[in-house]
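K.L.:
Read off the chains here:
Number of protein chains: 2
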Amino acid sequence: MRPLPEPASEKLTLASVLYALGDPVRLELVSCVSTSPGMACSGAGLEVPKSTLTNHWRILREAGVVRMAVDGRCRRVWLRTDVLGTQFPGLLDMVLRLTENESTPTAVH
Amino acid sequence: MRPLPEPASEKLTLASVLYALGDPVRLELVSCVSTSPGMACSGAGLEVPKSTLTNHWRILREAGVVRMAVDGRCRRVWLRTDVLGTQFPGLLDMVLRLTENESTPTAVH
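Those sequence lines, one after another, are chains A and B. 870 is the number that our numbering gives the last residue of the first sequence; the numbers go up by one with no jumps. 870 is the number that our numbering gives the last residue of the second sequence; the numbers go up by one with no jumps.
Keep in mind that the hints were calculated from the coordinates and are not lab data.
For identical chains, the list gives no copy identity; a pair is met inside one copy or between any two copies.
Simulated pairs of lysine to aspartate or glutamate, DMTMM-like, Cα-Cα distance not exceeding 20 Å: (1) Lys772 / Glu861; (2) Lys811 / Asp784; (3) Lys772 / Glu863; (4) Lys772 / Glu789; (5) Lys772 / Asp843; (6) Lys811 / Glu789; (7) Lys772 / Glu823; (8) Lys811 / Asp832.
Take these sequences, add in the hints, and give me the full structure.
P.N.:
In structure tokens form, the structure reads like this:
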């Protein structure tokens, strides 16, 4: 597998990570990949155009939230839990938990 | 004081709050107002044009992160800690802590 470019851990900034997470589709993608590490980028099953999806994954990768690699005709994706955990301890877990709370049917909308 | 419009607590979304926090200037503004509740919007002492600053405060207010009120010729601002604490428990404290860590001189950049 050929890894795609990603920022070095010390280049990550809180603002760019929060910006990358600050979109409902991207929150859903992050939630998907947290339960399916190494999933295909196309496998999230969201009803968004392919180009939009590609753009969302790129924003997440360039902010340092996910790692991506080309595997034949497919792109695979992982959360950079190690790096995020070191740079911003607890943030990713909290965002995943809040995303889950927000999407449960019992949540007040 | 005349309050400016703000979203009702149940209208806040995690994505829009994260988006609002996902900018270095806005993180700094949030950090300022956390230590000086009721401060004047113009009082953050940042080197950004006034129109840019106004826009950043508006994004924070419309996302539900801050509350603003007109006080004579000045606009005052507060964090909506109550609402944020109920909707997204722990998030604001974590972001403030991580912002502080990131801006300490010992942080690796």
